[in-house]
Amino acid sequence: MPTGSSSRLFLNGRSAVGDIAKRTGLAQSRVSTSVRALAGRNWAITAADPSDGRKTLVDVTEPIRAAGQQRRAGRADKALTHALARADDTERAALIAALGRLHQLLVAGRTQRRFPDTVTP
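Take the sequence shown: its letters are residues 12 to 132, numbered as in the working numbering.
I should point out that these hints are in silico values taken from the structure, not numbers from a laboratory. Treat the hints with care, since some could be wrong.
To be verified - Taking CB as the label site, the calculated pair distances span:
id, residue 1, residue 2, range
1, A87, G36, 27 to 33 angstroms
2, R41, D100, 47 to 53 angstroms
3, T57, Q115, 31 to 37 angstroms
Every residue, glycine too, gets a C-beta built ideally from N, C-alpha and C.
Start from the sequences, fold in the hints, and give me the full structure.
This is how it looks when you write it as structure tokens:
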């Protein structure tokens, strides 16, 4: 998939091909071709939109979602280790707990959508 399209699918969750094209600024035909390639590798799944059979919905597969989350978590761990290198153990634990709480308040339990007004519910 063209640069940025697959990461937007990962962040935004299940989306119509047309919505992905709008979010990325890519031609719908290019997004469709990329989606077929991802589905052929078992990285994405597609289905007809139950409310509009003309639309194709696409989402990443669970193994790809899990691998992406693991990769993102690994990067975060490295960044935190570096950023908190000068904090003592007590301060580091308090900061990490505060970040965990902030994550709960901002993200946990919500579908991440960068452009919610362009996504088909």
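Handout entry: Cβ distance range 31 to 37 angstroms for T57 and Q115, holds or violated
Key = holds (32 angstroms)
Exercise for the section: With respect to the beta-carbon atoms only, verify the hint that R41 and D100 lie 47 to 53 angstroms apart. Expected result: This hint holds: roughly 50 angstroms between Cβ atoms.
Exercise for the section: Given the range 27 to 33 angstroms, decide if the beta-carbon distance of A87 to G36 lies inside it. Expected result: holds (28 angstroms)
Checked against the numbered hints given earlier, this structure breaks none of them.
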